[in-house]
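The sequence shown begins at 1 in full-length UniProt numbering and counts up by one.
Just so you know, these hints were derived from the structure itself, not from any lab.
There could be a bad hint or two in this list.
DSSO-like, lysine-lysine: derived pairs with alpha carbons at most 27 angstroms apart [claimed, not checked]:
hint, residue 1, residue 2
1, Lys129, Lys204
2, Lys129, Lys49
3, Lys49, Lys28
4, Lys113, Lys28
5, Lys189, Lys204
In this text, all values refer to a predicted model and were calculated from it rather than measured experimentally.
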Amino acid sequence: MRLRGRKGILESIESQPELVVLDGTAYKGRWHEFFGNDHPIYVELGMGKGQFISTMSFRNPEINYIGVDMYDELIRRGAEKARNIWAERGVDSPPNLALLRANIEGIENIFDKGELERVYLNFSDPWPKAKHARRRLTHPRFVRKYMEALNARGEIHFKTDSQSLFEFSLNSFADMELLTRNIALNLHKDGLRDDLVPTEYEMKFYERGQNIHRIEVLIGEEPIAAWRQAKREASQVDAEAAKQDQSDDEDDAASEE
Numbered sequence: 001m002r003l004r005g006r007k008g009i010l011e012s013i014e015s016q017p018e019l020v021v022l023d024g025t026a027y028k029g030r031w032h033e034f035f036g037n038d039h040p041i042y043v044e045l046g047m048g049k050g051q052f053i054s055t056m057s058f059r060n061p062e063i064n065y066i067g068v069d070m071y072d073e074l075i076r077r078g079a080e081k082a083r084n085i086w087a088e089r090g091v092d093s094p095p096n097l098a099l100l101r102a103n104i105e106g107i108e109n110i111f112d113k114g115e116l117e118r119v120y121l122n123f124s125d126p127w128p129k130a131k132h133a134r135r136r137l138t139h140p141r142f143v144r145k146y147m148e149a150l151n152a153r154g155e156i157h158f159k160t161d162s163q164s165l166f167e168f169s170l171n172s173f174a175d176m177e178l179l180t181r182n183i184a185l186n187l188h189k190d191g192l193r194d195d196l197v198p199t200e201y202e203m204k205f206y207e208r209g210q211n212i213h214r215i216e217v218l219i220g221e222e223p224i225a226a227w228r229q230a231k232r233e234a235s236q237v238d239a240e241a242a243k244q245d246q247s248d249d250e251d252d253a254a255s256e257e
């Protein structure tokens, strides 16, 4: 992403240490100290202008959020967006939000093992050329890094407008034998989902009528166990329904005789 420079960007973000983190390595294994609590930590890798992560922090004060991007200008815009959103509550700086300037390539140097509970990948660069496949954020080399940082409740939530990236990602998750749920090839086909916070890009794509693809990847033991339990319960319901259908058929046959 190419951004037009603006005088004073670095000075602006440096003056907001309560919201902006310029060296994430200093907090590896200590992010709860930054927030001052032990709430779950959700991270958006590639936050853009910050609409999604700021709104999520506003809606869910019991969760800590970290928005990550490598561009100073996007960090500055994200900070401005966050303060504007939280101003509705009379709060100057969101207490459960950090905006981190970092390159995702080095995420293993920023988050410790099991330190995160959720990773959001929203409209990541699709890197369409085959020779650039390793740069895609759903490539196994990145997914392994997320898996290392995620805890027993860990999940990855991925959204994209790119069909080719979505297909690549599905195969990537399958090759790694990861469980998935809630796969959507056209997320907003029945209208904008108000239970899911959209990004700036997502709203533009939705207004143009473009499909949004979404998937949730289960990493931690707890969501995997819950998924398996739900499958067992669904199978039991199906078996009972089939048994009832068979009983009804037998009753109908007997009445005809």
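So, going through the hints one by one against the coordinates:
Restraint check: the Cα-Cα separation between Lys129 and Lys204 comes to about 24 angstroms, which is no more than 27 angstroms; the hinted pair holds. For the hint pairing Lys129 with Lys49, the CA-to-CA distance comes to about 26 angstroms; that is within 27 angstroms, so the pair holds. As the CA atoms of Lys49 and Lys28 are separated by approximately 24 angstroms, the hinted pair is consistent with the 27 angstroms bound. With a C-alpha separation of about 9 angstroms, the suggested pairing of Lys113 with Lys28 holds against the 27 angstroms cut-off.
Straight-line distance between C-alpha atoms of Lys189 and Lys204 comes to about 15 angstroms, which keeps the hinted pair within the 27 angstroms bound.
Checked against the numbered hints given earlier, this structure breaks none of them.
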